[in-house]
Amino acid sequence: MTKMKRRTFVGLAAATTTALSMPSIAFGALPRVVVIGGGAGGATAAKYIAKDSKGAIDVTLVEASKRYYTCFFSNLYLGDFRAYGSIGHNYYGLAVNHGVNMVHEWALSVNNAAKKVNLGSGESISYDKLVISPGIDLKFESVNGYSAEAQSKMPHAWKSGTQVQLLKNQVKGMKKGGTFVMVPPPNPYRCPPGPYERVSMIAHQFKKSNPTAKIVILDPKNKFSKQGLFMEGWQKHYPGMIEWISAETHGGIKKINAATMEFETDLDTFKADAASVVPAQRAGRIAMNAGVNNGDWCPIVPASMQAQADENIYVLGDASIAKSMPKSGFSANSQAKVAANHIRGSLTGSKVFTPRFANTCWSLVATNDGIKVGANYKATDEKIDKTSGFISKTGEDSNLRKATYEESIGWYSGITSDMFS
Amino acid sequence: MKSKFILLSIVVCFFLMNKSYADQKQLVGADADYGEHLFGECVTCHNSTGLGQGIPKITGMKTSQFITKILAYKTKEKENAVMQMVAERLGEEEINSLALYLSKLK
Chain A
1 MTKMKRRTFV GLAAATTTAL SMPSIAFGAL PRVVVIGGGA GGATAAKYIA KDSKGAIDVT
61 LVEASKRYYT CFFSNLYLGD FRAYGSIGHN YYGLAVNHGV NMVHEWALSV NNAAKKVNLG
121 SGESISYDKL VISPGIDLKF ESVNGYSAEA QSKMPHAWKS GTQVQLLKNQ VKGMKKGGTF
181 VMVPPPNPYR CPPGPYERVS MIAHQFKKSN PTAKIVILDP KNKFSKQGLF MEGWQKHYPG
241 MIEWISAETH GGIKKINAAT MEFETDLDTF KADAASVVPA QRAGRIAMNA GVNNGDWCPI
301 VPASMQAQAD ENIYVLGDAS IAKSMPKSGF SANSQAKVAA NHIRGSLTGS KVFTPRFANT
361 CWSLVATNDG IKVGANYKAT DEKIDKTSGF ISKTGEDSNL RKATYEESIG WYSGITSDMF
421 S
Chain B
1001 MKSKFILLSI VVCFFLMNKS YADQKQLVGA DADYGEHLFG ECVTCHNSTG LGQGIPKITG
1061 MKTSQFITKI LAYKTKEKEN AVMQMVAERL GEEEINSLAL YLSKLK
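Line by line, the protein sequences are chains A and B. Counted from 1, the first sequence has number 89 at position 89 by this note's numbering; the numbering is strictly sequential. Counted from 1, the second sequence has number 1078 at position 78 by this note's numbering; the numbering is strictly sequential.
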């Protein structure tokens, strides 16, 4: 994201009306929370702070996009299990139902001392508490030869949106009997099972329309999330189609060439007919600008999600170091509720409850073959510690797998309703 | 006729109110604010407005039904890995607070 697009300053009509019709805001009587980023962390935080404070806190959500496409379930779009439109959502519900003031702009920088967020338009917004939930930026340079330019030939498709559409077109248009190369990212990254669900969904496409195609996974890791479950599923549904090659086997990806579609490793040079490269990641740039990062990610206080570097800033979701929680939409939603409760308590004196965190990640391997992993967490002084958990088992019967898939559909409906309405 | 209807309505209302009171009386340690806060954990999956496809709706569930189900997940009599995990860390105060909050939802 080297060039920030200037976006029009557009407050939704309803939100603007609400804000202007409340003179107390104009006189600065209400405490103000600004949330940067309208994904699973930010949208949830904005909603819960506004909803639970019942007008006692002025909440502004800064999000460049007017329509938000979720990363979660974008793989199901790749596999034709979801229409693209069904993973897109707007912010009308937050504005109309909860009075959240929507500002569709880029947040360019944070002035911590003055407690202000500077926007792309040149405007700035003051805050008492700031929530930063920017998701990830991609470290293109982490894969030698990959770049923002190369992403059109080898889409990362790791931030949903048009990259996923591009990838789907390339998968569907790949030559018969061709080879698809998938390069997953190194740890830590957004959505640990995501690359392997993606491979499953691409294999599902190939099984229908290109059954002699091959998929090669050149992994920078030696193991991956839900590995036994995915491997079992690939063998069952797509025998002989998918080859996973670990880092210790291929010796590292030395160089990729987007023009020739070649992947050079110690083991061999792989030629692809279509590919997806997901590079290493870091917290979204605004977190770096606010100075709440330590290296690529942002250390937080486990009990509240406050940035360790600034008590007036909270960092949610993928951008935070929320060990042992994975970087997932579910995690971000869970963290947002903890932060919202803490922010409300600190600004209005409302009750602050013991933080409770949870996560579950569902993945689809094939039609009606869903798998899941989940855990409960609690805050300790050092980290967000796992207290219990579960994972689907290999060899489960097909009815349970079908129920797990259907459960994931219910979850998608639930979490997106929780975020946006 | 009209007066009989009114009388019947009063009796029914009294019965319902009394039943609701009786339900809530058993909710030891219940706190509706805490219940509302905990409910945030439920609605990540349980859509409060939709049709309940894939995951059942829990709004509108009777207090006794809610408690029975949660306890069945807690003792693992009822199958579902996610719900067993959710129920596992709900103590009496949490379950009763959720039940009280749910009973106040329309």
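Do not rely on the hints blindly, as some may be mistaken.
A short, non-exhaustive set of chain A residues, derived as facing chain B with CB atoms under 10 Å [what the hints assert, rightly or not]:
| # | residue |
| --- | --- |
| 1 | L347 |
| 2 | K351 |
| 3 | K378 |
| 4 | Y405 |
Covered stretches of chain B (in silico footprint by chain A; criterion: 3 or more residues with CB under 8 Å from a CB of chain A, positions within the stretch not fixed) [stated by the list, open to error]:
| # | segment |
| --- | --- |
| 5 | 1035 to 1042 |
| 6 | 1084 to 1095 |
Covered by chain B, according to a simulated footprint, are these stretches of chain A (three or more residues, beta-carbon under 8 Å) [unchecked claim]:
| # | segment |
| --- | --- |
| 7 | 176 to 182 |
| 8 | 328 to 340 |
| 9 | 385 to 392 |
Hints were generated in silico from the structure; no laboratory data involved. All of these numbers come straight from a predicted model, not from anything done at the bench. Glycine included, every Cβ here is placed at the ideal spot set by N, Cα and C.
Margin query: If you test the structure against every hint from before, which numbers come out violated?
Written below: 1, 7
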